[in-house]
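Trainee: Let's have the full structure, built from the sequences with the hints guiding it.
Read left to right, the sequence shown gives residues 205 to 669 (the numbering used here).
No lab work stands behind these hints: they were computed from the structure.
Remember, predicted model here, so these are calculated numbers, not experimental data.
The C-beta atom is built at its ideal place from N, Cα and C for all residues, glycine as well.
Careful, some of the hints might be misleading.
As the list claims (entries may be wrong) - Quick list of simulated restraints, FRET-style, between CB atoms:
#, residue 1, residue 2, range
1, Arg300, Ala506, 17 to 27 Å
2, Lys422, Gln612, 40 to 50 Å
3, Thr622, Ile652, 57 to 67 Å
4, Thr499, Ser584, 26 to 36 Å
5, Ser584, Ser343, 58 to 68 Å
6, Lys630, Thr522, 43 to 53 Å
7, Ser584, Val394, 24 to 34 Å
8, Lys630, Glu320, 48 to 58 Å
Unchecked claim - In silico BS3-like cross-links for lysine-lysine, where the CA-CA straight-line distance does not exceed 25 Å:
#, residue 1, residue 2
9, Lys590, Lys426
10, Lys571, Lys630
11, Lys541, Lys482
12, Lys541, Lys590
13, Lys319, Lys426
14, Lys541, Lys551
15, Lys422, Lys482
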Amino acid sequence: MASSRAPTCTPAAAADGGIEENAMAILDPSGIKDSRDLHEDRAAFLEAVRSACLAANNPSAPSWRMYDGVFQVLQNSSSLELAVASFHLLMELGKRYPRTYLTDSGGHQSLVLAKESWLPFLIGNGSVSNEIGGNARSSDHLFDPSRFSFLIEAMVGPTNATDDDKNEIKAIENMILFQYLVNTLETDFVPRHIAYKESLDWVIFRESLLNMLLGSRKLVFKSFVKNCMLLLNQYHPEAKDAVEGVPSEEAAKSASDLDSSLSYLSLESERTLVSLRKLFVMVMELDLIKKEADTLGLTSRADGVRNPIMEIILDELTYNISYLSSFLLAFVEGKWKLEIILQYFSKYCGKGPVRTRRSGNSQEDLKLESVLSFFLTATSAKAIVKKMGTEVGQLLLAHAYQVCLSVQNDTSDSTATTNKIGASLKEISCNFIYAFQNLRKVEPNIQISPFEKEALFTAATLTRD
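Mentor: Given below as structure tokens:
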């Protein structure tokens, strides 16, 4: 009986290399007919890795096979409990044994990269180092750029109550897997960003996981961005901005007991939304840094050519206006949200000079104060909304005003955003009200959404002071 079968690996096995020797046997389901046996073996394997690498008095870094085994459990668990347990373990191992980190060196921070560390990605030259003894490591479960893109494509399309439990569990596993992959990109990106600010060395980002992933010919970047936008719109309705944590193992066990409840699916949708936002922001930051390096003459043909993500987003929002409202509601990062809005307006507020490969972009100098000036008379407002539509104009202005309010409440990294606003909050509030008054003159019967009404009420309150 399954209940009496001894687990293949126990925590004590870590001391004599038992985890290494038995990892592949645990992960290979051949010859094990009872799924409970497989579940117990994998749970024991995860506990053994945790004990050896995190809970022991003298913990040791996980080997390539141990890391790889945990990742395979995450992908092929067929159990929410195992999926979340392996996710938690990978996250904790990543914090304890980072691959990319900073150290103090002579008064400045130096980037350190553990190049031999395990990675869930297979990018760059595509090579996977050999095991000691000459046995090649299996890499078919790792994520190359095309597989990462396929994962996002597979996530597009909601899972609902009509789906069977197996499909529902797979949908949640995909979400958790996506969260982990984005976290891996983020933990590589953040220390590089800090190091780059000090050195302005483009090579730091040229060799980043994100840059190599997105620059691969195996990934069709435009389709990738479109699918990410679809996911952002898809997960937005039920999402709460405050969800930043990782799924707890206790919650996974509870969800398992409830046959993969839809409430847990909703919870993972919220966390996936947070990861999507992080991915968007990282790519936008990468594009900005690459443009800066290009302007300084630090890039070369070897860096390749890829359309900036902002251009693709703007094209999608321009030609698929139905995406605009949900995208702006879901994308809450003020700095980049305002940038999207300003560049959207720049399409209809006159043309700047022709941009060359190493010239600045005059459109980036457009400020919210300047945009509002186009709406200070009914005549000028009519000229703008004739091109973009009154409803779109109202919506963009309301979201831009929301960013202004958020900057007042958040002093972290708000200097660049304040510069993009270009005026005091009171001045912006007054001009925001004038803009809506003139839009009403242009189209008297235009409907104002609750979101826009709330923004107008706040602006009116602030102008009375």
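Trainee: Given the hinted pair Lys541 and Lys482, is their Cα-Cα distance within 25 Å?
Mentor: Answer holds: Lys541 to Lys482 is near 13 Å, not above 25 Å.
Trainee: Does the structure keep Lys590 and Lys426 at a Cα separation of 25 Å or less?
Mentor: With Cα atoms ~29 Å apart, Lys590 and Lys426 exceed 25 Å; violated.
Trainee: Tell me if the straight-line CA distance from Lys541 to Lys590 falls inside 25 Å.
Mentor: holds, 24 Å
Trainee: Can you let me know if the beta-carbon spacing of Arg300 and Ala506 is within 17 to 27 Å?
Mentor: Roughly 35 Å apart at Cβ, these two residues miss the hinted range, so it is violated.
Trainee: Quick check: does the Cβ-Cβ distance between Ser584 and Val394 fall within 24 to 34 Å?
Mentor: Distance hint for Ser584, Val394 is violated at roughly 43 Å.
Trainee: Could you see if the CB distance from Thr499 to Ser584 stays within 26 to 36 Å?
Mentor: holds, 33 Å
Trainee: Hey, Lys541 versus Lys551, does the alpha-carbon distance stay inside 25 Å?
Mentor: Holds - the C-alpha atoms of Lys551 and Lys541 are around 16 Å apart, at most 25 Å.
Trainee: Kindly confirm whether 40 to 50 Å is satisfied by the beta carbon distance between Lys422 and Gln612.
Mentor: At 44 Å between Cβs, range holds.
Trainee: That 43 to 53 Å hint for Lys630 and Thr522 (C-beta), does it hold up?
Mentor: With Cβ atoms ~32 Å apart, the hint is violated.
Trainee: Need the status of pair Lys422, Lys482: alpha-carbon distance at most 25 Å?
Mentor: Roughly 22 Å between the alpha carbons, so the hint for Lys422 and Lys482 holds.
Trainee: Against the range 58 to 68 Å, how does the distance between the Cβ atoms of Ser584 and Ser343 compare: consistent or not?
Mentor: holds, 59 Å
Trainee: Hint says 48 to 58 Å; check whether the CB-CB distance for Lys630 and Glu320 agrees.
Mentor: Given a distance of about 57 Å, which is inside 48 to 58 Å, the answer is holds.
Going through the hint list in order, the structure does not satisfy hints 1, 3, 6, 7, 9 and 13.
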